[in-house]
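First to last, the sequence lines map onto chains A and B.
All you need for the numbering used here is the position in the first sequence, starting with 1, plus 238.
All you need for the numbering used here is the position in the second sequence, starting with 1, plus 854.
Read the hints as simulated data drawn from the structure, not as lab findings.
Quantities reported herein were computed from a predicted structural model and do not represent experimental measurements.
By construction, the Cβ of each residue, glycine as well, lies at the ideal position given by its N, Cα and C atoms.
Errors might be hidden in some of the hints.
[To be verified] Pair by pair, the computed Cβ-Cβ distance ranges are:
1. Ala270(A) to His942(B): 21 to 31 Å
2. Val330(A) to Phe925(B): 44 to 54 Å
3. Val269(A) to Phe1106(B): 38 to 48 Å
4. Phe1102(B) to Val330(A): 18 to 28 Å
5. Thr909(B) to Met334(A): 44 to 54 Å
6. Leu1094(B) to Lys262(A): 22 to 32 Å
7. Gly265(A) to Glu908(B): 51 to 61 Å
8. Phe905(B) to Ala267(A): 26 to 36 Å
9. Val269(A) to Gly1092(B): 33 to 43 Å
One letter stands for each residue in the lines below.
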Amino acid sequence: MLDYMIYIIAFVVGSILGLLYSYKQHGEAFVAVTDFNTVAAIISIVGWVLAFNAGNVILSGIGFLLAGFIMGERPGYGRKESAVGLIIAIVVYFLMHWTV
Amino acid sequence: MNLMANILIQVIIAFLAGSLLLGLHRKIMARVQRRPGPPIIQHLLHSLKFFFKETGFPKTVSKPFYIGITFILALIWVVGVIAGPVAHDSLLILFGVYAVYKIVEHNSGSSSGSPYGKLSCVRAVLSAATELPLFAAIVFVYLVTGTMNIGEIITYQSVHGPLIYTIPLAALMFFMLIITKSPYSPFAITKDKALISGFETEHYGLLRGFMHFSESIAWYVMLWVFLTIFFGPLNAVGYLIGMIVITFITGFINATTPIFSPNHSVMTQITIGAICFFGTIVMIFTGVVA
Chain A
239 MLDYMIYIIA
249 FVVGSILGLL
259 YSYKQHGEAF
269 VAVTDFNTVA
279 AIISIVGWVL
289 AFNAGNVILS
299 GIGFLLAGFI
309 MGERPGYGRK
319 ESAVGLIIAI
329 VVYFLMHWTV
Chain B
855 MNLMANILIQ
865 VIIAFLAGSL
875 LLGLHRKIMA
885 RVQRRPGPPI
895 IQHLLHSLKF
905 FFKETGFPKT
915 VSKPFYIGIT
925 FILALIWVVG
935 VIAGPVAHDS
945 LLILFGVYAV
955 YKIVEHNSGS
965 SSGSPYGKLS
975 CVRAVLSAAT
985 ELPLFAAIVF
995 VYLVTGTMNI
1005 GEIITYQSVH
1015 GPLIYTIPLA
1025 ALMFFMLIIT
1035 KSPYSPFAIT
1045 KDKALISGFE
1055 TEHYGLLRGF
1065 MHFSESIAWY
1075 VMLWVFLTIF
1085 FGPLNAVGYL
1095 IGMIVITFIT
1105 GFINATTPIF
1115 SPNHSVMTQI
1125 TIGAICFFGT
1135 IVMIFTGVVA
């Protein structure tokens, strides 16, 4: 269970850092952002793929930290990027565990 | 692993996972109501914030109860974690946890001396209608599996398949409890906004922090028990998906349903409980349940 605790703490820490960072970047009142942030998407993809597929507590922990960083951004930001990262990570997981 | 370390780890997981799930619940409700909603981490941040706020004591409180009750609340849900995820012990202990929780809800309201707390305390007695279907559900699980031990119920399901297929109406009764205990539930008459925050209204600072801590653990334990006794042996991913799905469902229900008046709430719970109870008895005696 220790590994799950590390993952969840990493995700929570990432979310808090993401929230602080995005409020520093965007101080304006709520806007529904339609732009796609490529850098955030890459971080999210790397994070979720590592989290699900690393097979190593430290790498998965780092993955959850990165994934939490994007997913934890202030409302309106990081939604699409998180969805893309999550979908790609799930696809990679199934490709790696696919047995015929 | 050392038992104490295991308990500590499981309590931390329960608190963090429960907080995130309650944050998700709030987010889902907001999205259904076409609001942006707070970040998912918000419930956890609120809980942590309360631990560092100044703790005030209203003049009307009965201090020993007012202070003690919050620690008892936290303690009983830690016991819930120990009896459930850690030890896979008896369901009766968990039923005892719910029973004590009801008493704590009652005393928390009455010890504050606030009219809102007192009214919430009276409603806590009425809402015991929630615990009756829970007890009935536990009885049916016992009748089918022949045991109250969670570990043995898991073993039974690994051989015979998940109990949700065998006694779905009992699962529905348990699900009623989950809906009732979820935030902004139509059955949450003790926390009706007409009573400000119900039995929690007069608890501030550190004491409120303990209440938030307990709420998060309670949500996790409830979902864990439901998934464990009705969906058979699950791995961590199964629990995660199950908890998120149930949080989604309750979020949708609570976002679209106004709170019932106390009499409607109790009557609805008793009616659904009675239908499920007699439905399951009919299923058992007609041989539908093997």
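Tested hints:
The supplied range of 21 to 31 Å is broken by Ala270(A) and His942(B), whose beta-carbon atoms lie about 45 Å from each other. Taken as a hint, the range 44 to 54 Å holds for the pair Val330(A) and Phe925(B), whose Cβ atoms sit roughly 46 Å apart. Evaluation of the 38 to 48 Å hint for Val269(A) and Phe1106(B) yields a failure: the beta carbon distance comes to about 26 Å. Between Phe1102(B) and Val330(A) the beta carbon distance is about 24 Å. The supplied range of 18 to 28 Å therefore holds.
Judged by the Cβ atoms, the range 44 to 54 Å given for Thr909(B) and Met334(A) holds: they are separated by roughly 51 Å. Between Leu1094(B) and Lys262(A) the C-beta distance comes to about 31 Å, which sits within the given range of 22 to 32 Å. At roughly 28 Å, the beta-carbon separation of Gly265(A) and Glu908(B) lies outside the given 51 to 61 Å, and the hint is violated. A C-beta distance of roughly 30 Å is found between Phe905(B) and Ala267(A), which places it inside the suggested range of 26 to 36 Å.
Between Val269(A) and Gly1092(B) the CB atoms are about 38 Å apart, so this pair conforms to the stated range of 33 to 43 Å.
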